[in-house]
Every structure is written in C-alpha cells, then in structure tokens.
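Protein chains in written order, with my numbering: chain A, 1 to 351; chain B, 1 to 188; chain C, 1 to 249.
Treat the hints as calculated values from the structure; they're not laboratory data.
All C-beta atoms in this analysis are idealised placements derived from N, C-alpha and C, irrespective of residue type, glycine included.
Some hints here could point you the wrong way.
Claimed, not checked - With a straight-line cut-off of 27 Å between C-alpha atoms, the simulated BS3-like cross-links for lysine-lysine are: (1) Lys4/A - Lys155/B; (2) Lys174/B - Lys28/B; (3) Lys232/A - Lys325/A; (4) Lys270/A - Lys87/B; (5) Lys28/B - Lys4/A; (6) Lys271/A - Lys2/B; (7) Lys181/B - Lys155/B.
Claimed, not checked - Simulated restraints, written as ranges between beta carbons of each label pair: (8) Lys228/A - Tyr32/B: 41 to 47 Å; (9) Lys187/A - Thr144/C: 55 to 61 Å; (10) Lys218/C - Gly129/A: 38 to 44 Å; (11) Thr32/A - Ile160/B: 21 to 27 Å; (12) Pro84/C - Tyr32/B: 42 to 48 Å; (13) Thr144/C - Lys228/A: 49 to 55 Å; (14) His17/C - Trp196/A: 24 to 30 Å.
Spelled out from the first residue to the last, the chains are:
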Amino acid sequence: MKAKKVLVKGVEAIALGALEADCKCYFGYPITPQNEIPELMARELPKRGGVFLQAESELAAINMVLGACATGVRAMTSSSSPGISLMCESFSYIAALELPAVIVNVMRGGPGLGGIEASQGDYFQAVKGSGHGDFHFMVLAPYNVQEAYELTVKAFEFAEKYRNPVMILSDAILGQMKEPLILKKLKIKKYPTDTWALTGAKGRPSRIIKSLFLDSKELKERNLKLYKKYQKMKEDVLFENLVNEEDEIVVVAFGSMARIAKEACLNLRKKGYKVGFFRPITLFPFPEKTIQDIIKGAKNQLKFVVAELNCGQMVEDVKLAVNGKAPVISLPYPPSVIPFPEELEKDIINV
Amino acid sequence: MKIELIISGFGGQGVLFAGNLIALSAMKEGYYVTYLPVYGPEMRGGTCNCTVIISENEIASPLISNPSFLIILNYPSFVKFIPNLKKEGIAIINSDLVKPEEFKNPKYLKKDYKLYFVPVTSLAESLYTPLLANLCAIGAFYQITKIFNKFTFKKALKEILGENKTHLLEPNLKAFELGAKYIKENYR
Amino acid sequence: MSKFFRFPKSLKKTLFHYCPGCHHSIVHRLLCEVIDELKIQEKSVGIASIGCACFLYFYIDVDILEAPHGRACAAATGIKRAKPELIVFTYQGDGDFAAIGFNESFHSALRGEKITAIMINNTVYGMTGGQLSPTTVPGQKTTTTPEGRDPNFWGYPPKIAEIFAGLDGVAFSGRFAVNTPKRVLETKKALKKAFLAQIHNLGFGYIEILSACPVNWKLDPVNANKKVDELIKFFPLGTFKDKIKEKEE
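Chain A with its partners taken away, still in its complex shape (with noise of 0.2 Å):
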C-alpha cells in the first residue's frame, strides 16, 4: 500500500512519529509554540491505549516521564525554551539513572520570557549543559517536516539503545509550518528493557535504579560508563554534507536556518560563488570527524562560516572541529531578525 501523505506542521509530525514509533506515556504542560504535539497526543494516544496527562507543571511532566520510563515504557515529554530550563533538574537525572526519555523542544526565543519567534537560542543549553554534573542528551535538529517525523521515530531508538535521554531540538519556524509529510511505515528498533526495568520483582531479585553514589569509587565508575557511552554515540552522527572539494567557503547551520543557508548556498553556487554546505544533524555527538575530513580533502584554504538564529553558539562547536586549521567566522542573527536567504547570500559574500 502507498504510504499516504499529508499536510501538517512540524510540531505535529513529531507527534505523528512519537506515535509510529510506539511512545505509550505522553506528560507535558502547555507552552506555545508547540501545543500542537499534546493536543494530538491528548486525540490520539488513549486510542491507542497509550496514556496522556496535562501535568500540573513541566517539573512535574519530566518526573511523570521518569517514572514511565523506569518501568521501560516509551515515553515522551515536550516544551518550549523556559518549559526546558524548568525540567533541567531532572534531565540530570534522568541522564544518571540510565532513562530513555525523549524530550521535544521547540525554541524560541529568551531568555527570559523573550518572545514565541523562532531562535537557536537554546543550542548551548541542549547540547553543553541542561543539568548539573558529567552528562549529555544525544540531540537532533530536524530541518523538515519529514525529518522531524523519521528523527522522532529515531529518537525512541536511540534512547533506548544507549538508556539516555535523547532530545529532539526543533523551532517555531519547522514547527509551525505546514509541509508534505509521507506517512511511512517504519521498521521500529526496540531493545529490551526487561534487564533493567521497574515492573515488581516476581521471579527475579528486586532492582534499584537510583543515580546517589556516595561512594567516591562508585561515582567515579558511574561518570566513567557514562563518558564511555557518549563516545560510542559517535558511530550513530548524522550530517547532511554538500561540499565540493573546490569549495573555499563552508556555511554551517542548522535547523531551520539551514534551509535558508541551504537556499542561499545553491544560489551564490549558480552565481559562480565556491560555496559548500554542512548541517550537522546530531548536534550531540557533534560530526567532528566529518569536518575535519572536509578540511582534509579540501584543494584549496577553507573558510567556515556559521550561520545560527543566536548570538553563536553552535560556532564554538565548529572552531573545535576545526581546531585553528581553518577560519572559522560567526554569522549571528538573534530572534526576531530572521534573514531572508538573499540577505544571507549577501552576508556570505561579505565574508
């Protein structure tokens, strides 16, 4: 049978692919721009006998998804930037206690109260540091609406995969706009949960999932595993990478601005221009290793020019990358001054 396609918003193609992939506990507590997610969950997961619950806060939503998640349901929680910064406590410990929660947020911009437009304003906080202590979300940035529906269906899997919390990092503009999205029917991973789950000991000794280690070596062995597991995250790095070898500039972004560097690339490209385009698709684990092979198979010296919907953030992730072989320049657009892709054909060129 044909898959079958349909006209939807971002937001709710996450929550179209939350469902394919089987998510069974929806917790959240309302913030715009990302309503749309429990609003079709509140339609559809009782359907689908799955649970939905409107918490009464977002500290209390992401505790509700550590409590499913600890008897190895598929659950889920999704905000909004302030709604984020509300949950940071417990994605520390969600990361500790070995979770495999997905957690959606649809920036905009802050800080503070800021404003519902579109911002990159929380790469920092999603990919360095939404906690306390040695931790790190595996985060995706879709730039589609298709995208946004197939990561969602990758984010249970790799939640599960690597028992951490995997974090969806989306905007106002991908999630309010409305696109094609192709219905398909995905071949879901799971990974048993059965070796470590909450689900009453019968048959088995009683388990503990607790992230309080007051023993010095105990803790430092919990921090090792979890190090560990953050590198072996890099065999699962996505990108999508268009650069030629002839290529003198690299424009970097991601998200939705990627769409508009992607457009603004192929343009100055037809105009003559040696343009090329990386957008990282994890933006933890970070493709490193693809950058620096960019570098490597470069014919003439490169110049990185990262464009972000923030003051620059996710540039500071490139300059590592690059490690000083190459400049690396900084094109910020802070909320609310989203460019035009002429505008950042111009601001390219100027470079």
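Fit chains B and C to the supplied structure of chain A, relying on the hints for placement.
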C-alpha cells in the same frame, strides 16, 4: 514553476485558512509546498499573514523576502507588502478595502505588476456569507494560476472542513466560484 | 502454637544506618509487614526520595526508584499510569513532601492517583543537619530558627493530613505516631489501609507519621520519644478520611 505567495489581512479574515487550503490543494496536485503562518499571541484581530510556496522542485527556505504573488485583503497589508512584490509579480487586491486610486502613488508604480482588483468582501456579502471573502480570493487565485483543478480543490476543502463542518462545503464552494467568475468576466 | 513474631520477608537482613532513637526503622519494618501481609512484594515499586530515607533501597526488598527531591509523587504517577497493575508507593520526609514537592504531592492527590504516599514528619530537615521545615512547630528551635519558630515571621506549619482529607481524590488520609506500642499497631493498620485504598482503586492513600529525630532535636532517644507527645498537641493523631471504611459500611 515556483509561486511564492503571501496572503495578508486582518485576523479573522481567514488568512491562515486560505493559505492552508491553497497549500493542501497544490500538494494534492503533486507539487512541493511549504506553508508558514506568522502568528501573534492574540487569537483574533490584528494583522495576520502567511507564506505559501508552491514549486516543482524541493523547497529550501520557507521564508521569502520578495513574493511573486500576493493576496491582499486589507489596507495595512497593502502598504506593507506591495513594495516587496517581485518585478512582474501578481497581486489580488481586495478592492472593497484598497481603492485602485492608491496606485497613483508613484511609490507603487515602479514595477510591472499584474494587478487584479476583486471586491472579495462585497462578493462574499452578496452570498450572505461575509466571512467567506477568503474563499472568493482563492477562487480568483485559481482562475489566474490554474495551479490545481476544481476537483482537487474540492477534495482539499472537504478534508480541511472535516466531518463536523460538511454543511459549510456548499457555501465555501459558491464563494470560490464567485471569485473565479469575477476574474473570468473582468480580466479576460 | 504458630510463630507470632517473625522477620518480614520483604525486609532485607541488614543493619539500619539510622541514628539511635530514629523512627524510620520502625516504619520500615511496619511497611514490610504490610507488604508481606498484602502479598504485594512482587508487584510493588517504591520511590525513595531525598532525605534520610533515600536509603530505603538498602532495607526494603522491592523494586525501587530514586526520584529527584520533592518529585516522588510525580514519578509515582508516571509509574502507575504506565503500569497500572503495579503497586506504587512513595516514602518521603516532610521537607520533600510538604516543602519542595508540595505542588507535586497536592496535584497527585487532586488527581486521585492510585498511589500510596508515606510522609515521615519529624518537623526538621534531618539529613542536612536540622534546619527549619514547613512542619516545624511554633517556638521550635532549629539551626535556621535559633530563637525558635516565630509564627509572625515564619507563618504556621501545614496540617497535611487534614488538608488532604478534604480533597475528593484522596481515599485515605490520617496522621499516626510510633512512639508507643499501641500507636505502632494503629500505624500498621492505617498503613495497610493506605495501600488498600490503592489496591481497591479508590484513590490517593496518604499517611503521615510523626517521627522522632533525637540528633537534631538534641535529645536522647528516650526523651525524643516522649517529645513526640508534645507534637501531637499541634498535629493531632487520627484518621481524617477513610473511603475503605465508608465502602464497607
């Protein structure tokens, strides 16, 4: 083929509904489409616009600075968007709220626009359905572009109205026809 | 003659780390006896919260999840909603349940979550060294109220058991103590009811247990035990809501 359309008007004029409907109809004809609403915290009132891109090729940026097509439903939208219209761009203008005399202003005379003045508000009122001015505008859009056929449009409209609003199908189609007819009679 | 007193099956055979005269160990034992008698050891999941009792998992032989400070009832909600066949309980202190986690506790009760919440009320923050708790009684000295709790400045302690009794989602609510043998037996009965409320799907089961903290009260175990009687003047003992009894009648 690529249409970069901005629809703009007052909140409550059905701007977003129209954008969604055009995008869905074009999708059903096999085009790549993007539909990007610009929304504010208020649910009603204020100005409101959306961008619809229809293309034979994959669409990169959903944002555009210079539309090739405009549907202008009120005066503030006219002032805001007409100066950005591409050379040889097309605009459907609600002539109930924006008078053709406005174009005597040299500011708006620079480029070779193709302008269609359609009294969508009074057309809708003639059907006793003033809220369907947006459908009259879509009818005009259809007649000018023929980007989708009527059968596809009807299917898309049915889908958007859903089962609970099937009674609105007939009046919506009537308003659509009226807009299309106006173009046929006055601009060919 | 059958053996009357035996070691509970669901209590791990290990030494308690609690301070001499602390009531946690008594409540742990009662909890295990109830789990055994209701035969729910193999389908229970407990939530350890932050405070002295976070080491619940060293003693109670059921599946246990450690929740962030105050969020036990939210985590319990997640477990119960994901797997309604499980018996889920939280074991929290007064700081965890009534201060930082009050919102989660209150809303879980409002929703009538089919979980059992045990709140150990010793009127101070035990693990951090005896600071003011919401349940510190007027006049009581703590390390952060060295002159005693002045209600004009600090307000008054909440009577959670009475407040929760007024919520429609709550099936059982009561306050008990374990400083005399009679009260220990009463507490056990009530604890069982707080679980039965869940087992019979009646709603939220809440039990508050006044507990001695000799170290932070700066008393020896015997006098700390006696001091619980003084607390009762402010926190009266009793069952304030019992839907199980109503159902039986």
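Consistency of the hints with the structure:
1. Lys4/A - Lys155/B: Measuring from Cα to Cα gives roughly 15 Å; hence the hint holds.
2. Lys174/B - Lys28/B: Within the cut-off at roughly 21 Å; holds.
3. Lys232/A - Lys325/A: Holds: Lys232/A and Lys325/A sit about 26 Å apart, inside 27 Å.
4. Lys270/A - Lys87/B: holds (21 Å)
5. Lys28/B - Lys4/A: With a Cα-Cα distance of about 11 Å, the restraint between Lys28/B and Lys4/A holds, given a limit of 27 Å.
6. Lys271/A - Lys2/B: It holds: about 19 Å lies between the C-alpha atoms, which stays within 27 Å.
7. Lys181/B - Lys155/B: holds (20 Å)
8. Lys228/A - Tyr32/B: 41 to 47 Å: holds (43 Å)
9. Lys187/A - Thr144/C: 55 to 61 Å: holds (58 Å)
10. Lys218/C - Gly129/A: 38 to 44 Å: holds (41 Å)
11. Thr32/A - Ile160/B: 21 to 27 Å: holds (22 Å)
12. Pro84/C - Tyr32/B: 42 to 48 Å: The hint (42 to 48 Å, Cβ to Cβ) holds, given that Pro84/C and Tyr32/B are roughly 45 Å apart.
13. Thr144/C - Lys228/A: 49 to 55 Å: Cβ of Thr144/C to Cβ of Lys228/A: about 42 Å, so the range 49 to 55 Å is violated.
14. His17/C - Trp196/A: 24 to 30 Å: This hint holds: roughly 26 Å between Cβ atoms.
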